[in-house]
Structures are given as C-alpha cells and as structure tokens.
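Q: Based on the provided sequences and hints, a complete structural model is requested.
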Amino acid sequence: MLSGSKVEGKNCFIECKGQKKVLRTLFQAGLLPTQPVIHHHPPADSCQAFARTSKDISHRSLSPWRTRTVVNPDLYPNKYGEAECLCDGCIINGVENHSYNSVPVVRTHLFLKRIPCLRQPGKYSWAFEYVPVKVACTCVVPVQ
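Residue 92 in this note's numbering sits at position 81 of the sequence shown, and the numbers go up by one each step.
It should be emphasised that the hints constitute simulated quantities derived from the structure, not laboratory data.
Some hints could be false.
[Said to hold, decoys possible] Heads up, simulated DSBU-like pairs for lysine-lysine below, C-alpha to C-alpha not over 35 angstroms straight-line:
(1) 134 x 145
(2) 66 x 145
(3) 124 x 134
(4) 124 x 90
(5) 90 x 145
(6) 90 x 134
(7) 66 x 90
(8) 145 x 124
[Claimed, not checked] Across the chosen pairs, the derived CB separations fall in these ranges:
(9) 71 x 141: 36 to 44 angstroms
(10) 129 x 89: 36 to 44 angstroms
(11) 140 x 95: 16 to 24 angstroms
(12) 153 x 119: 23 to 31 angstroms
(13) 152 x 82: 29 to 37 angstroms
(14) 110 x 130: 56 to 64 angstroms
(15) 108 x 85: 39 to 47 angstroms
(16) 140 x 106: 38 to 46 angstroms
(17) 103 x 79: 20 to 28 angstroms
Just so we're clear, the structure is a prediction, and the values are computed from it rather than from any experiment.
Think of the CB as a built atom: it goes at the ideal place given N, C-alpha and C, for glycine as much as any other residue.
A: In structure tokens form, the structure reads like this:
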C-alpha cells in the first residue's frame, strides 16, 4: 500500500478514499505517524521580549524560542509545530550574551507524503518520509 520513491499506479487512490484506507491500515498496524506537538502559549516576539516570569519552558530557557505552525498539504499529519530561536546569543543573568549561541534542537519525525500516481492523474499513493523538525532551542559554546 505504501511505496518507496516511485509509484507505478498499483496502490493509487482518489484523495479522500485513499487517505482513509491508508490511515486505517497504518492504525491497525501500529504505524500511524504521531503529530509533532504544537504548543499554544503567549508568543514572545523577540529575544528582549521573552517572558521571564512565564512557566513555559520555551520562555525560561537560556535559549528562548517560539513555536510556529507549519502547514504542508502533501504530508500527513499536514500541520505541525516548529521552534524558532528568539536570540542569537544566550540569556545569562537576564541579559543576552553573545559569547554563547542559541541553536535549534532538531528531531526527525515520521510523516506520510502524498505522491501523485504517474499513470493515473488525480490519484495518489503514500510514502513514508522522515522530516527534520526544529523542536526547541538550546545554548551552546560557539564552534572554535
């Protein structure tokens, strides 16, 4: 049902019907990709504006970040959260210090990618795809 990189039309579905069948099969097999978590909290727009008193870990970090929602209609799940670092440096004693760097923490998530069938216009197949997703930010010593 799921193919690698090339789709020959063997398991092609009309979008709605095919998606339901694929998802049901994956769920029964325990292979359904889980949606990367989208955290909803008051946004900080800049390094200087991060909420020091917030209980949210993304704001209390030495490398604060905000989460933006990414939408890709060719992936399932088609919506996921991705971190954006708010600072170039790190927050040390309440002040941004450029002796350190804020960098994203990347985790690979499993998605299903919708692929047009080559010989059947208007029909699709699905393939597993690993996508790197920025999930947080951390403070590091610069590369020397």
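Q: Decide, hint by hint, whether the structure agrees.
A: Here is how each hint holds up against the structure:
1. 134 x 145: holds (32 angstroms)
2. 66 x 145: holds (21 angstroms)
3. 124 x 134: holds (13 angstroms)
4. 124 x 90: Holds - the C-alpha atoms of residue 90 and residue 124 are around 13 angstroms apart, at most 35 angstroms.
5. 90 x 145: Since the Cα atoms of residue 90 and residue 145 sit roughly 14 angstroms apart, the hinted pair holds (cutoff 35 angstroms).
6. 90 x 134: holds (22 angstroms)
7. 66 x 90: Given that 35 angstroms is the threshold and the Cα spacing comes to 25 angstroms, the pair holds.
8. 145 x 124: holds (19 angstroms)
9. 71 x 141: 36 to 44 angstroms: violated (30 angstroms)
10. 129 x 89: 36 to 44 angstroms: violated (23 angstroms)
11. 140 x 95: 16 to 24 angstroms: holds (22 angstroms)
12. 153 x 119: 23 to 31 angstroms: The hint (23 to 31 angstroms, Cβ to Cβ) holds, given that residue 153 and residue 119 are roughly 25 angstroms apart.
13. 152 x 82: 29 to 37 angstroms: holds (35 angstroms)
14. 110 x 130: 56 to 64 angstroms: holds (58 angstroms)
15. 108 x 85: 39 to 47 angstroms: Given range 39 to 47 angstroms: holds, Cβ gap about 41 angstroms.
16. 140 x 106: 38 to 46 angstroms: Between residue 140 and residue 106, where Cβ atoms are some 41 angstroms apart, the hint holds.
17. 103 x 79: 20 to 28 angstroms: holds (26 angstroms)
This entry does not satisfy hints 9 and 10, going by the numbered hints stated previously.
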